Amino acid sequence: MLQLFKFKGGVKPATNKVQSVTLPIATAPLPSRLAVPLHQSIGGTPRPIVEVGDKVLKGQKIGEADGWISAAVHAPTSGTVIEVGLYPAAHPSGLTAATVVIEPDGEDRWIDRQPVDYASLEPEAVRELLREAGVVGLGGAVFPTHGKLTASKTVPMEEMVINGAECEPYITCDDLLMRERAEEVVRGAGVFRDLLRPKKVLIGIEDNKPEAAAAMTAAIKALGEAFKEFEVVVVPTRYPAGGAKQLIRVLTGKEVPASKRSTDLGVQCFNVATAYTAWRALAHGEPVISRLVTITGNVGEPRNWEVLIGTPMDELLRIGQPKPDTDGIIMGGPMMGFLVPDTKAPVVKATNCLIAHSPTLFPPKPPEMPCIRCGECARACPHELQPFEMYWFSRAKNFGKTQEYAIFDCIECGCCSFVCPSRIPLVQYFRFAKSEIWARERESQAAEGAKNRFEFKQLREEREKAEKAEKLAKAAAAQAAKKAAEALAAANAPETTVAEPAPDAPSAADAAKRATIEAAMERAKAQRAAAQPKNVDHLPPAVEQEIAEIDARQNQAVMANAAPDGEKNS
Amino acid sequence: MISALAIMALGAIILGAALGFASIKFKVHGNPLVEKIEGLLPQTQCGQCGFPGCHPYAEAIAKGEADINLCPPGGEEGVRKLADLLGREVKALNAEEKPKQVAVIDENTCIGCTLCIQACPVDAIVGAAKQLHIIIAQQCTGCELCLPPCPVECIAMVTIPETVDNWKWKYPVTEIRKAA
Ligand code: SF4
Ligand code: SF4
Ligand code: SF4
Ligand code: SF4
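The listed protein sequences correspond, in order, to chains F and E.
If you read the first sequence in my numbering, its first letter stands for residue 1, the second for the next number, and so on.
If you read the second sequence in my numbering, its first letter stands for residue 1001, the second for the next number, and so on.
Looking at chain E on its own, in the form it has when it is part of the complex:
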């Protein structure tokens, strides 16, 4: 009787130690759900969702503090993906969808005040004090955050034109004849 109890107790202690070790060793850093959500957000970092960047918005969604339809750059498709991931209802986006744009600086007007550099969340603007500033189109996410600080209003948003390189084949539009 005693030996049986001792064996059970020993077993409990060993298993407990193993579990404790495993929980330290295999601890998951960060919240995997937040990362998954963030992976679906477009990383425009524009703050239009009301949060200072995509990561904070992902955290808020994960905590259930924010709705899933607040990210205009993600569009309806983004809402759908989030709904799929989280098992929630698809909702209408609470803003209108815009075609993707990039910011362009008018080189004749820029006074080189560097304010737009400070505003750009993704370091897509290069320039130095009193020098003409330039936006690297490939890195611009189109967040529009550099527009308000510019004292001479020389930054404009332009829609990315369709070229032979980014052109996409269209969805085939064919009428389907009813099978009799």
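Here chain F stands alone, though its shape is the one from the complex:
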């Protein structure tokens, strides 16, 4: 039996999971329309490759991955693209995001699916396939999975952790997935194992899910010798045991700091649902177009559903029969989720749970009180941070200090807010501080770039000026030399007619320049002629003479100006 480690802190909120595990997984009905956001993973925003009016098939790619850390998106059913544009996003801001809206035709016709035998492919090709199939971390972080499937070159892979802990209250989609589709989860984990080659594969499941643990153990046994390094490990139920870092800590004793990748410590962690989708993508040729979503909370029939990505949340919640006093939808769990600002927003790859919100189920928090520095939050923090210090400095907008207290190690698990006797929304302060720090970071990077470009431009202008001055000086010297030579020639041979100036290279250019100047002057003259005052016919001779004099002066001035300005006009 594996020796388990412990992580510090953590809390034990009411799990509220039993409601939604009584019924098996069901397939949600086809919604009236599907709004598939293009940006559903960390990394580059995929580019849309369909246009309004296009007919698409189920599983057809509609967004091309942009860059290596990015993942393609696909049409969840067959139908017609009716909009490519901004649509409410499943995001706490309530802003809109680039989305492809599809009207289903009801036929649900698949593309030509091409299963592959991944074992016969190069690892690089397998990663590429996963990227093309849009496989991303379905535990909530939505990091493109192929980006995590390269082992560190220097550190040997020791353990691979498969995360089936699912510690957030209310959520049961991973539980049901392991109960009903254990074999495919294990096979998917087998793909990851073959790419990373760890010594051990540890599947961590909290001890409140004995059915899931049993199903997984049975699946591993049924698959036989090839999966002999797989082991199901039951871990104690304590929030947030399902946090990737906590689970790694519990199973391997390793602590991954915010500044390091877990592969640098010889360990990597995947969610069970991610393993499942990876297997579907390779062995069945099905890209990620649906996922399991727990619909629970203030509803008549809490249950897990297989839901197409892009299904509007309000429409989806209706199949759970929400009670009349439902006044909102929480996406994710009660600890880390958020109240969706616009319930038209679609289900995305990160949506593992929708909780119908009601004032009785989630009574409004009484007002915040001053921090009494009791230290409860620090005891509850699974990362051994000091939330009250980070709170104090976030509140004072002293962001440098919050970083000294390692605010970026905070995983926003909400344990500190949960235990705080003064009911301070600590996590909100940390999110605020983090996003301010990121914004500043972006700004200072932009400023640095601007400064460098500004300095470069100045340098360039200076250099150009110097070059020009040099050219002018050279030309002047040449001119002077020529004059001197001419004078000399004139003095030496007074009888001969003055020789034509030798048409050497620079003077040929000069001639061309002069021709353009002359042409310009001609044009100017013509313009002036056109602009001659009309009523000059019957003027007294004195005035006429004045005009003539002015004209002569102007002509002279033009001549005088044009010659040295030749450089400017060219």
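To be clear, the hints were calculated from the coordinates, so they are not data collected in a lab.
It should be emphasised that the depicted structure is a prediction, and the values quoted were computed from it without experimental measurement.
One or more of the hints may lead you astray.
[Said to hold, decoys possible] No more than 25 Å apart at the CA atoms, straight line, and that leaves these computed lysine-lysine pairs for PhoX-like:
# : chain 1 : residue 1 : chain 2 : residue 2
1 : F       : K457      : E       : K1130
2 : E       : K1091     : F       : K397
3 : E       : K1025     : F       : K397
4 : E       : K1036     : E       : K1025
5 : E       : K1168     : F       : K457
6 : E       : K1036     : F       : K457
7 : F       : K397      : E       : K1130
8 : F       : K401      : E       : K1081
9 : F       : K434      : E       : K1130
Start from chain F and add chain E with the ligands according to the hints.
Chain E with the ligands only, in chain F's frame:
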């Protein structure tokens, strides 16, 4: 007595030489204060402070020739940071703060005269003579210097919209109940 004097003199000469060497070897190039000040300026390079760029303004501040509240892109926060660094009083900004903007060229009107390229202090505009010009939004500092030279007035400033990517969590507004 003589030997004591000689020892002291020798000591003085050696130490003096060491100090002289150190002052050459460890000479600080540039004015560190100017660099620190410049680090706080937003590098918009707009010249609204009355100096031709952020660096000259930083120099003027360091010399005590310019006030610290002249940079509108830096905003009140910039003034506060400068005051912190220099130990001076915080002053009100002598202009109004604007949200950050970027310049955009109307592609139907641009005649490709290249004048805006010459005006842009940070090389954020690309184009060639008689070709449509484009402003690289990520590199535009919003200095507005390209607006006046454009002969057909086809450059406009637009406020950068809030998107899911640059959205920030708001400061939690919660009433604090008075502790009894
Ligand atoms: S738990 Fe709340 S009151 Fe106690 S120290 Fe932390 S923030 Fe302060
Ligand atoms: S939210 Fe952050 S600070 Fe609070 S307990 Fe979790 S990790 Fe610690
Ligand atoms: S006003 Fe500010 S941003 Fe503009 S040049 Fe002066 S210091 Fe730089
Ligand atoms: S100054 Fe105006 S017209 Fe000329 S290139 Fe720039 S945008 Fe086009």
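Ascending list of hint numbers which this structure does not respect
3, 5, 7 and 9
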